[in-house]
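> Going from the sequence shown to our numbering is simple: count from 1 and add 34.
For the record, the hints were derived by calculation from the structure and aren't laboratory data. Treat the hints with caution; some may be incorrect.
In silico EDC-like pairs for lysine to aspartate or glutamate, Cα to Cα no more than 20 angstroms straight-line [what the hints assert, rightly or not]:
1. 345 <-> 106
2. 418 <-> 403
3. 345 <-> 284
4. 377 <-> 397
5. 290 <-> 235
6. 336 <-> 355
7. 218 <-> 235
8. 299 <-> 333
Distance windows between CB atoms, simulated [unchecked claim]:
9. 217 <-> 115: 51 to 59 angstroms
10. 201 <-> 397: 46 to 54 angstroms
11. 215 <-> 297: 45 to 53 angstroms
The model shown is predicted, which means the values in this text are computed figures rather than measured ones. Every residue, glycine too, gets a C-beta built ideally from N, C-alpha and C.
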Amino acid sequence: MPPKKAAAPEKKALLGRPSNNLKIGIVGLPNVGKSSFFNALSETDLGKAANFPYATINPEEARIPVPDTRFEWLCETYKPVSRVPAFLTCIDIAGLTAGASTGAGLGNAFLSHVRAVDGIFQVVRAFDDAEVIHVEGDVDPLRDMEIIQTELRLKDIEWVEKHLEGLKRSGRSLGSTSLADKAKKEEIATVEKIYKVLTVDSKDVRKADWSNKEASISFLSITSIHFIEVVNGLTLLTAKPITYLVNLSERDYIRKKNKWLPKIKAWIDANNPGDPLIPFSVALEERLVAMSPEEKKEEEAKIGATSALGKITQAGYSSLDLIRYFTCGPDEVRAWTIRRGTKAPQAAGVIHSDFENKFVCGEIMSYDDLKEHGSEAAVKAAGKLRQQGKPYEMVDGDIAYWKAGN
């Protein structure tokens, strides 16, 4: 008997908006370094950095180039007139405080700004500085992380309760025969599951199992697509991916040592396992960003530490399940941002809607194949240039040439 085919790995259900234009927000308590970090990251002074709470009220936005050695190599190879890297859109959001979920401070407005983004950079303060006040009186990153998690979760519970109440009110007259009534019952069951995750299980929504298997077991007739659509339709705060950025003093960052780091790692492992943690120093980044590239390189060599901004940008981009493909030629080398799992026609449509509507095929080669063989002609001669049709799912680093009909 021929061996059985191995089961295809189950695809991860993507929480969040089905969009390629996703944004990440900088969140944290007041005076932890959010606006200073935003300024260093964006190389601007848009963020209102000040030594008092609520210096930032209206969110600021900037597009940050995502570092990519593949993009740099392609530009060196093609020597194009125009170079357009991938970008991460980053939003500086004002500080949240305890009680924000009930409107304390400017809580309701700030939480609405968090709801409008797709992912979170949570800045956590782990440095002592008597001249930089702390809204809670002293430095305690674990308490600060608990405050943010609690406020986001409480707001989600309030949001889900209201939504569930409305669904149940309109669902009293539902029958069991029509597809529309069945779909509404399934929606109620899904929202009840979300409420249980937040209250009984005390979990963030993104940490629950929203897999196909879960859907088929818990709700026998519900499809996984509908299941995820219900979760995503609520735009919950705790469904957004979080990258924890621990702001250290320059001294601690350089020596790679801080008393809070092991405790913060343990807190993340216990409360939100799998969420990335990146130590950095706003004080150092502010110094480095003011230097020329040559001065920056010299200073990094001197202190034995490098900027973490590139690593942070890449982590934020990946947390949103974003990937990029490239189009290359003498006129332009460009990285196009798409969501993981995007099919070829939709990837082509990012360039122009006609490419999607009149899609014929794509000529695809991988970045690795091009780098190995050295030229497009050599890739083609090696049989590595592939024609892909509508079902093809794009892979990070693909180089594509699209063919569309008239």
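> Report the numbers of all earlier hints that the structure fails to satisfy, in ascending order.
5, 6, 7, 8
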